[in-house]
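A.B. asks: Here are the chains, one letter per residue:
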Amino acid sequence: MADKLAEATLASGKRIPYVITDNPPRGGMKYTYFAPDKSYVVQFFNDPEDAADPNIQSRIEAIISRYNPTLPESKGGAKGNDERIAAYFAGRFCWPTGIVVDPEFGIVCPTYPKSFFFDESSSPVINLKGKDKKSNWFTSKNRRYLAPHELGDLRSMMQMSLLLARSIRRLHQAGLAHSDLSNNNVLIDPKTGNCVVIDIDSLVVPGLYPPEVAGTRGYIAPEVLESLNLDMNDPNRISPSSYTDLHALGVLIYEYLFLRHPLIGPKIYDMDSAENDDYLALGSKATFIENPDDTSNRPKDLYVTIKDLGPILEKLFLRTFVDGLHNPEYRPTAMEWERGLVKTWDLLHHCSNPSCEQKWFVLYDSSVTKCPYCGHRIAEKEIVRLKLKQEIRGHEGQWRDYAEVDVVNNTPLFKWHFQSSVFPDEKADKTLQAYICRHNGEWFLINRNADGLMSPEGNSVPSGQAIKLYDGAVFRMYRGERGLLAEISITKVR
Amino acid sequence: MSDFTRRLPVYLLLDTSGSMSGDPIEAVKQGVKALISELRGDPQALETAYLSVITFNSQARQVTPLTELMLFKEPQISAGGATAFGAALSLLADCIRNEVRKSTETQKGDWKPLVFILTDGAPTDDWRSAAEELKATHPANIIACAAGAYADTTVLKELTECVLMMNNLSAGDLAQFFTWVSSSIKMSSKSLDAKPGANIELPPPPQGFVIVP
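Protein chains in written order, with my numbering: chain A, 1 to 494; chain B, 1 to 213.
These aren't lab readings, by the way, just hints derived from the structure by calculation.
Some clues are possibly wrong.
Claimed, not checked - Straight-line alpha carbon distances no greater than 27 angstroms define the calculated DSSO-like cross-link-like pairs of lysine-lysine that follow:
1) A:K468 x A:K492
2) A:K4 x A:K14
3) A:K370 x A:K381
4) A:K131 x B:K29
5) B:K29 x A:K129
6) A:K134 x B:K102
7) A:K141 x A:K79
8) A:K468 x A:K389
9) B:K135 x B:K102
10) A:K370 x A:K300
11) B:K33 x A:K131
12) A:K389 x A:K415
13) B:K73 x A:K141
14) A:K141 x B:K33
15) B:K73 x A:K129
16) A:K315 x A:K285
17) A:K307 x A:K389
18) A:K387 x A:K427
19) A:K381 x A:K79
20) A:K387 x A:K343
21) B:K73 x B:K135
22) A:K415 x A:K343
23) A:K141 x B:K102
24) A:K285 x A:K141
25) A:K191 x A:K343
26) A:K131 x A:K38
27) B:K33 x A:K129
28) B:K29 x B:K73
29) A:K131 x B:K73
30) A:K114 x A:K191
31) A:K14 x A:K38
32) A:K387 x A:K430
33) A:K141 x A:K114
34) B:K102 x A:K285
35) A:K300 x B:K102
36) A:K387 x A:K492
Could you put the whole structure together from the sequences, leaning on the hints where they help?
C.D. replies: Written out as structure tokens, the structure is:
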């Protein structure tokens, strides 16, 4: 059967064309047809009962309007959303834009950007042109079939992790839960460090009937998997929620940063049945491969571990996969992941080995002397750190550690390095405030746009002027309220 | 780090008896080719699925042993002879015994194999004991497809609950069958999960195919 042009009528009355093809791409719930110019897709439900289900219809109506972070409030989107934030999240989510009412109930979604599709140069051995970039191309042994330029490095993987954490934080902030976060529903482009969350129609929406999805193997939270055999209406059956999203989010971030699954290790739980073994390995008996107290599932050849990403991320992983693995309320929130990743981002250090595959590593303190990925020693003669401290509320003059920045020539500084009240989220002002550079063997902080910067001697440093930095120099990044205190440390590399 | 991914063994049992000669056997060859290319483009299938081809006419022969997708080479297939269905089933049981990994204390066993059978006729040998054994020991999830007017669906029903029928042996229908096999493998490699013992999920059969109740 040849392709056939058809027309769909939207709830708004608008009519849009789409192309009916044989064997349309089919997911667990829906199948997909493309627009003639491929700028959007029209999706229908596999099961006609789903399409006729008023619960599904009202959920999707809520999702495309009052819960929509990709639409400004002025156009019927989420409350408080302005044009800029809406545009930001339109790049983070493939959010449905309309409801199809004829020929049957369905949805319209934008097509994801080109960068999330492979092209002819993506693999020297498989023709991947036009296939979407599902993350397990990059995080499994399938990696070996991809061209090196597709693979990204630790920095781009960390950026993707951060963007994903931010997207999930935005959902949870509105009370939504994705309910089926997985390698299939987050497309990634490690080359540019971008990701996009797709399959938004099965969100859990507050007060509305929840979707009947359990999730995807490897990403379903253990408590959901364990209770999957119970009846839908059994009160002990655990449904997807923001807590179960937080399990999936942790798994995805772990996979991006380590290129392996956190729970799939050598341990055998049931020798007789592969299916039951897997059920236990991801469910009631799940054991983190890096659990410090239970090494029964630890692979023998585990070289790079959560410790190598520094204490902030190490703690978040332990909370997700040790404390919180079977206790959902202990899992870190998406916002904690977002903040932890932002702080770790400032500690990324470029590996001086030109053939290092990861290109970057986390220089979390001076005990790190070599790249954990390639073993190459740090080439710099000295390590320069900007240590930021926050004043303890109600205790004037007492400061506690807030964040650290690994400084190299031309390290940029933004508002969030000056004030603890500014957080680098989608709303943050990303204007360069200052930068640190090296000149004739000495280090300087050059003020470009920052107000309230003080020198170590206590003088105001207006924009255009610089502070000479030395080991032990202490100065205020911002004189006003919630301003951070900076301390410079310059240590010789042993 | 070592690879702890479980394999999903997939066996294709293809009827290459005389009645398949001409266009049908060419369509089967094209179908296998398309199947491989399609599965190589699916990351989960590529990671987990291993494929073997068993053909049967007057004899049964494993033309490709269980092989990972990237190393799979299209087998030489030609049609002619009778329909030794029983021999094919016995060979399948042997291959599963020899090739499918069982769990040990140190090694993860394979997933339960998926078997797709395509036949256009009725067995010409004794098939009953081999079918009964497979049905009783259930070493694999078997999906059988009766192709064309002369295929014997009652025989297939003796072997498995899951029997499909396509009305004619046209190249188009055979191509659709292989597309459906590839969707089934993709779906299985994604949803290898959840409730142990639950029925495997398969995509809806292509248009013109009916499920034999």
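A.B. asks: Compare the structure with each hint and give your call.
C.D. replies: Hint-by-hint comparison with the structure:
| no. | hint | in the structure |
| --- | --- | --- |
| 1 | A:K468 x A:K492 | 18 angstroms, holds |
| 2 | A:K4 x A:K14 | 20 angstroms, holds |
| 3 | A:K370 x A:K381 | 13 angstroms, holds |
| 4 | A:K131 x B:K29 | 24 angstroms, holds |
| 5 | B:K29 x A:K129 | 24 angstroms, holds |
| 6 | A:K134 x B:K102 | 30 angstroms, violated |
| 7 | A:K141 x A:K79 | 43 angstroms, violated |
| 8 | A:K468 x A:K389 | 19 angstroms, holds |
| 9 | B:K135 x B:K102 | 19 angstroms, holds |
| 10 | A:K370 x A:K300 | 22 angstroms, holds |
| 11 | B:K33 x A:K131 | 19 angstroms, holds |
| 12 | A:K389 x A:K415 | 14 angstroms, holds |
| 13 | B:K73 x A:K141 | 20 angstroms, holds |
| 14 | A:K141 x B:K33 | 23 angstroms, holds |
| 15 | B:K73 x A:K129 | 22 angstroms, holds |
| 16 | A:K315 x A:K285 | 22 angstroms, holds |
| 17 | A:K307 x A:K389 | 23 angstroms, holds |
| 18 | A:K387 x A:K427 | 24 angstroms, holds |
| 19 | A:K381 x A:K79 | 52 angstroms, violated |
| 20 | A:K387 x A:K343 | 12 angstroms, holds |
| 21 | B:K73 x B:K135 | 30 angstroms, violated |
| 22 | A:K415 x A:K343 | 14 angstroms, holds |
| 23 | A:K141 x B:K102 | 22 angstroms, holds |
| 24 | A:K285 x A:K141 | 25 angstroms, holds |
| 25 | A:K191 x A:K343 | 22 angstroms, holds |
| 26 | A:K131 x A:K38 | 14 angstroms, holds |
| 27 | B:K33 x A:K129 | 18 angstroms, holds |
| 28 | B:K29 x B:K73 | 12 angstroms, holds |
| 29 | A:K131 x B:K73 | 23 angstroms, holds |
| 30 | A:K114 x A:K191 | 13 angstroms, holds |
| 31 | A:K14 x A:K38 | 18 angstroms, holds |
| 32 | A:K387 x A:K430 | 21 angstroms, holds |
| 33 | A:K141 x A:K114 | 24 angstroms, holds |
| 34 | B:K102 x A:K285 | 21 angstroms, holds |
| 35 | A:K300 x B:K102 | 22 angstroms, holds |
| 36 | A:K387 x A:K492 | 17 angstroms, holds |
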